[in-house]
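> According to full-length UniProt numbering, the sequence shown is numbered sequentially starting from 1.
Note that these hints are calculated values from the structure, not bench results.
Keep in mind that the hints are not guaranteed to be accurate.
Stated by the list, open to error - Taking lysine-lysine pairs in the BS3-like style, the calculated list, with each CA pair at most 30 Å apart, reads:
hint, residue 1, residue 2
1, LYS83, LYS61
2, LYS97, LYS35
3, LYS32, LYS83
4, LYS71, LYS61
5, LYS71, LYS97
6, LYS32, LYS75
7, LYS71, LYS83
8, LYS84, LYS61
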Amino acid sequence: MQINYFPGRIRLRDRILRDDDIRQAAVDVAAKLGKILSVSYNERTGSVLLEYDAESVDMEKISSLVPLAAKLNAKASFYTESKKDEIIALIEKIGRKIDGWANDCGKP
């Protein structure tokens with residue numbers, strides 16, 4: 001998965017994002033990261049652009065997601081329909097980790 005980052009904007013590009021269920025799961029998890037200002041999907045390129053309030057996102061916590069993102073990337077690299085449930089499960093696992101941040105008393 002190609003990820004382009006600039007404070008306030010993240011673009012995700014991968015053919016798995018052409019799958020409606022996977023794309024929606026990814027967008028739902030991304031919305032947990034902070035104040036999302038807009039989400040747009042480009043069907044031609046298979047990319048999702050998230051614009052967010054950069055002040056509302058803790059980049060130190062985001063970096064803690066790298067191991068899970070690497071697992072997700074490995075599954076997505078050789079995507080077949082049979083891996084769809086595994087990919088959605090990994091996306092949901094990332095979401096649960098983000099949900100846990102609310103309970104960690106500010107610890108990264």
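> Against this structure, judge whether each hint is valid.
Tested hints:
1. Restraint check: the Cα-Cα separation between LYS83 and LYS61 comes to about 27 Å, which is no more than 30 Å; the hinted pair holds.
2. For the proposed pair LYS97 and LYS35, the alpha carbon gap of about 17 Å is at most 30 Å, so the pair holds.
3. Between LYS32 and LYS83 the CA atoms are separated by roughly 24 Å; this keeps the pair inside 30 Å, and the hint holds.
4. A distance of roughly 17 Å separates the Cα atoms of LYS71 and LYS61; the hinted pair therefore holds under the 30 Å criterion.
5. For the hint linking LYS71 to LYS97, the alpha-carbon distance of about 14 Å falls within 30 Å, and the restraint holds.
6. A threshold of 30 Å between alpha carbons decides the hint, and for LYS32 with LYS75 the separation of about 22 Å falls inside it, so the pair holds.
7. For the hint linking LYS71 to LYS83, the alpha-carbon distance of about 13 Å falls within 30 Å, and the restraint holds.
8. Between the alpha carbons of LYS84 and LYS61 the distance comes to roughly 26 Å, so the proposed pair stays at or under 30 Å and holds.
Violated hints for the displayed structure: none, as all numbered hints are satisfied.
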